[in-house]
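**Student:** Sequence:
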Amino acid sequence: MQATFAPTREQAIQLDTADKLSHLRSAFHLPQHQGKDAIYLCGNSLGLQPKKTREYIEEDLKDWETLGVEGHLHGKHPWFYYHHFLEQPVARMAGASPLEVVVMNTLTVNLNLLMVSFYRPTTKRFKIIMEHMAFPSDQYAAEMQVRFHGFDPEQSIVEAIPREGEYHLRTEDIVALIDAHKDELALVLLGGVNYYTGQFFDIPAITAAAHKAGAIAGFDLAHAAGNVPLQLHDWNVDFACWCTYKYLNSG
Numbered sequence: 006m007q008a009t010f011a012p013t014r015e016q017a018i019q020l021d022t023a024d025k026l027s028h029l030r031s032a033f034h035l036p037q038h039q040g041k042d043a044i045y046l047c048g049n050s051l052g053l054q055p056k057k058t059r060e061y062i063e064e065d066l067k068d069w070e071t072l073g074v075e076g077h078l079h080g081k082h083p084w085f086y087y088h089h090f091l092e093q094p095v096a097r098m099a100g101a102s103p104l105e106v107v108v109m110n111t112l113t114v115n116l117n118l119l120m121v122s123f124y125r126p127t128t129k130r131f132k133i134i135m136e137h138m139a140f141p142s143d144q145y146a147a148e149m150q151v152r153f154h155g156f157d158p159e160q161s162i163v164e165a166i167p168r169e170g171e172y173h174l175r176t177e178d179i180v181a182l183i184d185a186h187k188d189e190l191a192l193v194l195l196g197g198v199n200y201y202t203g204q205f206f207d208i209p210a211i212t213a214a215a216h217k218a219g220a221i222a223g224f225d226l227a228h229a230a231g232n233v234p235l236q237l238h239d240w241n242v243d244f245a246c247w248c249t250y251k252y253l254n255s256g
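Counting from 6, one number per residue, gives the positions in the sequence shown under this note's numbering.
If you are wondering where the hints come from, they were derived from the structure by calculation, not from laboratory data. Careful, some of the hints might be misleading.
Stated by the list, open to error - In silico lysine-lysine, BS3-like type, Cα no more than 25 Å apart, as pairs: (1) Lys129 <-> Lys217; (2) Lys81 <-> Lys56; (3) Lys187 <-> Lys132; (4) Lys187 <-> Lys217.
As the list claims (entries may be wrong) - Using C-beta positions, here's what the derived DEER-type ranges look like: (5) Gly155 <-> Arg59: 45 to 53 Å; (6) Arg168 <-> Lys129: 27 to 35 Å; (7) Thr71 <-> Lys217: 54 to 62 Å; (8) Lys25 <-> Glu171: 30 to 38 Å.
It should be emphasised that the depicted structure is a prediction, and the values quoted were computed from it without experimental measurement. Where is the CB? At the ideal position from N, CA and C, for every residue including glycine.
Could you build the full structure based on these sequences and the hints that come with them?
**Tutor:** In structure tokens:
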């Protein structure tokens with residue numbers, strides 16, 4: 006299905022008027038530009054600060070001040086249980102069960118931890134398929150894990166590259182690449198949304214192809230979480246990680 010988009014001021018005003026979430030704009034601090042609120046299109050790098058942020062941080066600082074170590078269990082928001090407080094909303098966002106998610110660490114730390122568990126190469130199955138122009142830290146993590154297991158990244162990491170003259174990867178080409186390397190493939194590791202092109206990959210189709218090839222399917226959802234609908238449980242994704250400071254606007 007194709008939709009017609011008219012990039013005009015009138016069309017922009019029409020879309021703003023019809024936006025049911027437009028009232029939420031006032032919940033965030035906006036940088037100023039020439040004395041006016043800036044038009045902020047950098048949420049892919051760092052989401053805006055919610056106006057409630059300072060209030061919530063001050064509450065925890067006050068608990069630290071007045072309770073010390075007791076803040077772990079007896080503060081207004083006991084620190085010991087923070088991961089439980091966040092289970093339900095994070096699970097809804099990811100389309101997962103609360104038992105399948107946890108908020109912890111940083112994205113690349115978590116990606117390495119997940120790969121330690123899920124990337125178990127053998128002399129027969131050792132290859133990783135990634136998209137061309139994957140986020141740099143994902144490339145570094147994959148290379149490090151490959152070397153950790155004694156393999157050569159040049160021989161082990163296979164890039165899915167768009168066709169000549171195209172900027173986006175076709176799903177059928179990704180599936181074909183998986184099939185071509187199926188006998189040596191250990192892991193398919195893609196970004197849910199490619200940070201460079203904005204392409205939203207067909208996660209369920211790619212996951213199914215990886216499983217058919219006997220490989221693990223993992224995704225870096227840094228540019229997908231809070232940006233596109235996700236159903237990780239129903240899509241049978243093996244593992245995924247993301248951050249909260251981009252489209253989730255949580256720092």
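**Student:** In ascending order, which of the hints set out earlier in this document are inconsistent with the structure?
**Tutor:** none
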